[in-house]
Structures are given as C-alpha cells and as structure tokens.
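*Asks:* For this note's numbering, count along the sequence shown from 1 and bump the result up by 16.
Just so you know, the hints here were simulated from the structure itself, not pulled from any lab data.
A hint or two may mislead.
Result set (SDA-like, lysine to any residue): computed pairs, CA atoms no more than 20 angstroms apart in a straight line [stated by the list, open to error]:
(1) K420 x R434
(2) K205 x F91
(3) K205 x Q95
(4) K205 x G26
(5) K205 x W28
Pair ranges (Cβ atoms, derived) [unchecked claim]:
(6) P117 x A430: 12 to 20 angstroms
(7) E314 x P208: 54 to 62 angstroms
(8) P192 x L326: 21 to 29 angstroms
All C-beta atoms in this analysis are idealised placements derived from N, C-alpha and C, irrespective of residue type, glycine included.
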Amino acid sequence: MKFAEFKKAGHWPTLLAAFLYFDISFMAWVALGPLIVYIVHDMNLAVDEKFTLVAIPVLAGALLRVPMGIFADLFGAKQTGIVAQLVVIAATGWVCYFGLPSKLSVELFGLALGIGGASFAVALPQASRWYPPQYQGVVMGIAGAGNMGVVLDTMFAPTIAEYWGWQAVFGVLLVPMLLILAYYAYAAKDAPGERKPISLKAYGGLLRDPDSRWFMFFYFITFGGFVGLANALPLYFTVQYHVSGVAAGLLVSLIVAFGSGFRPVGGLIADRIGGIRSLSMLFGVVVAAYVAIAFMPEGPAAPTPAGWALTQMPRIAWMSVLLFSIGVLALGMGNGAVFQLIPLRFRQEIGLMTGMVGCAGGIGGFFLAKALGVSKAMTGGFGAGFLFFGLLALLGFLGLAMVKVRWRTTWGAASGARV
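Please construct the entire structure, taking both the sequences and the accompanying hints into account.
*Replies:* Now the structure itself:
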C-alpha cells in the first residue's frame with residue numbers, strides 16, 4: 017500500500033478526527049477501571065461488586081451503540097458525535113466538582129460514561145464511508161486504534177489519584193476532551209451521499225442475516241475481550257497479585273498498548289492475507305492465552321497495605337503480564353481483522369452493522385468483567401471466568417471454519433478484496 021495513494025483515496029482530516037474522537041471517548045469510557053480502588057475505598061464493597069461497577073460503563077456503551085448508529089444515519093455522524101461528547105463532558109465536569117459519594121452515584125456516572133463507549137458507532141462508519149474497499153482494513157484499524165485512550169487512563173490516572181485525589185483525574189481529562197471536540201467540529205466531515213432513514217425493521221432484517229450474527233459473535237470475543245480486560249485488569253492485579261494501584265495501572269497500560277497499537281496492523285494483515293485466515297490464527301492465540309492465564313496461581317501477599325510496587329513485584333505477576341500482553345495483542349489485531357470483513361459484506365449498511373457489532377462487542381466486555389467477579393465470588397479464584405472466555409474463542413475459531421468457504425465464494429469473490 018502506497019501512502020500517497022491512500023491519502024488521496026479518501027478524506028484524511030476526517031480519518032484523523034475520527035481517530036482522536038474515538039481516542040478521547042474511549043478514555044472517558046474506561047476511566048472507572050483504573051480508579052475504582054480509589055473511588056470505592058471507603059464504601060466497604062465486596063470484590064464482585066467492584067467488578068460489576070467497572071462493567072457498567074461497558075454495558076451502557078454497548079446498549080447505546082445501536083441508537084447512536086441510528087442518530088448518526090439520521091442526523092449525520094458529525095452532529096451526533098458533537099452532542100454525545102458534550103453530554104460526556106458535562107457528566108465528567110459534574111463528578112470533578114461534586115464527586116461520587118455513593119454506590120448509586122458511581123452506577124449513574126457509569127451510565128453517562130457509556131455514551132463515550134457508544135462513540136464507536138459514530139467514528140468508525142464516518143471514516144469508513146470515505147474510502148474504497150481495498151483500504152477498509154487499514155482505515156477501520158486506524159480509526160479503531162483510538163481505543164488506545166485506555167493506555168493513557170491506566171498509565172496516568174492512578175498516579176494523579178495518589179497525589180491529588182481521584183476527582184482531579186476527571187479535571188485533567190476535561191482538557192483533552194474539550195480540545196479534541198473543537199478539532200473534531202472543525203475538521204471532520206460526513207461523506208457525500210444521501211443518508212437513508214433507519215428503522216427498527218432494518219435492524220431486524222440484518223439480525224435475520226446469519227452473517228451479521230457471526231460478525232457480532234466474533235466481535236463479542238475480540239472487542240469484548242479487549243475492553244473487558246482493559247476495565248477489569250487494574251482491579252484484577254490488585255486482588256490477584258496484591259500490587260499497588262499505581263503499579264496495576266502501569267502494567268495494564270503496557271498490556272493494552274499492544275492491543276491498541278496493533279489493531280491497525282491486524283487490519284493491514286487482513287487486507288493482505290484475508291480477514292478469515294488472520295482471524296483464525298488470532299483466535300488460536302487467544303484460546304492459548306486464556307487457558308494459560310486460568311491456571312496461574314495467586315501471588316504472595318504484599319508487605320504493606322499499599323501493595324507491591326512495580327520494582328518489587330513477584331515473578332508470577334510478571335509471567336501473567338506476559339501472557340496478558342500476548343492475548344490482548346491478538347484480541348486487538350482480531351478487532352482489526354473483523355472490521356476488514358464487515359465493510360466488504362455490508363457496505364451499504366455499514367452504519368447499522370457498526371452499531372450492532374459494536375453493541376455485541378461491548379456486551380462481551382461487560383460479561384468478561386462480570387464473569388471474573390462472579391468466578392472470584394463463587395470459586396475463590398478467577399480461573400473459571402478465563403476458561404469460559406477461552407471456550408468462546410475456540411467456538412469462534414470453529415465458526416470461521418464453518419463459514420469460510422461460503423464467504424469466499426459469494427460476497428468475498430464479488431468484493432474483489434482478500435477474504
């Protein structure tokens with residue numbers, strides 16, 4: 017792929033604006049994950065309740081993606097994106113000033129942050145519509161790489177919370193949110209062409225198509241795994257390996273950087289060798305990683321209540337970081353591979369499909385975080401939760417084997433791109 021040709025093929029300011037918009041929205045969406053140990057410090061909650069709290073924004077974002085996709089098709093992605101971001105900014109400013117005094121207030125704030133997660137249904141189709149089929153993998157990978165916002169969350173939020181209090185984190189977050197919203201309003205443009213009003217009947221029609229259900233299941237696994245781990249791992253490391261909040265944040269930022277940074281690579285590889293082949297290999301890696309993590313033992317207790325510092329962590333914790341890094345890298349690349357295939361199959365319904373598939377992915381993230389909490393409460397460990405998602409990844413691998421011949425000989429052949 018030649019960069020000059022790629023740049024001329026679409027509207028790169030919109031692609032950059034979509035990337036930045038998704039980045040800051042994702043940062044807000046997963047903000048509870050690295051901060052939950054600070055926010056609920058004095059609330060006396062059980063471990064499974066904490067995992068549920070970090071999962072609420074994920075579920076809210078998932079459920080809001082379908083209506084967000086409808087609004088984007090009706091009113092334009094740009095208008096919808098601006099209004100959605102203003103709502104998230106208002107909620108963030110409120111919490112920065114008034115705090116979160118109760119469990120209910122945390123839950124309500126999680127619902128508001130879900131609007132940031134729903135931005136998936138705005139940014140990705142907005143970028144996709146500007147580019148021809150042969151560039152869909154890399155375009156969707158670049159726009160979707162905005163999920164690296166979670167890296168900034170996990171890297172800096174715990175440190176800011178330690179020194180200035182967790183409310184200060186949301187004050188700092190407001191600055192890039194406002195700046196990027198201003199750039200998005202200036203630079204982003206909706207692709208030319210008539211927008212058709214979307215009805216619930218249209219969603220029903222797509223749901224009856226087995227291909228749409230397969231894509232939703234695959235993204236339930238890949239994006240659900242990515243965002244679920246991004247939200248749950250800070251709490252997981254403090255519970256399983258007794259590390260400090262700052263150390264947990266730095267570890268998760270390292271792990272998630274692999275998934276975020278390699279999402280465009282996943283799309284690029286899918287463009288070259290085909291999304292089915294690349295996704296099949298990645299599912300195999302995910303299965304192996306989940307199974308290995310499931311059998312990792314708990315780490316030794318820390319010598320102080322604050323937990324292990326990064327330089328003091330036991331070897332078992334570093335082994336876990338390595339396994340998570342491999343698994344999340346495969347999940348991130350899998351996200352790119354799934355979205356190389358979707359525009360080839362559903363070019364005219366990309367807004368609808370992005371909302372539906374994104375909804376499925378977000379629900380997957382909720383269930384992963386929730387499953388880890390339930391596993392800990394019922395069995396005393398997290399292994400059962402990881403084994404369950406390892407089984408789902410195996411089913412994804414088998415599902416691809418079932419559909420690959422039909423896909424390659426029907427819409428894959430008609431698209432002219434590698435499938």
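*Asks:* Please go over all the hints and tell whether each is borne out by the structure.
*Replies:* For each hint, the structure was consulted:
no.	hint	in the structure
1	K420 x R434	holds, 12 angstroms
2	K205 x F91	holds, 13 angstroms
3	K205 x Q95	holds, 10 angstroms
4	K205 x G26	holds, 11 angstroms
5	K205 x W28	holds, 10 angstroms
6	P117 x A430: 12 to 20 angstroms	violated, 57 angstroms
7	E314 x P208: 54 to 62 angstroms	holds, 57 angstroms
8	P192 x L326: 21 to 29 angstroms	holds, 25 angstroms
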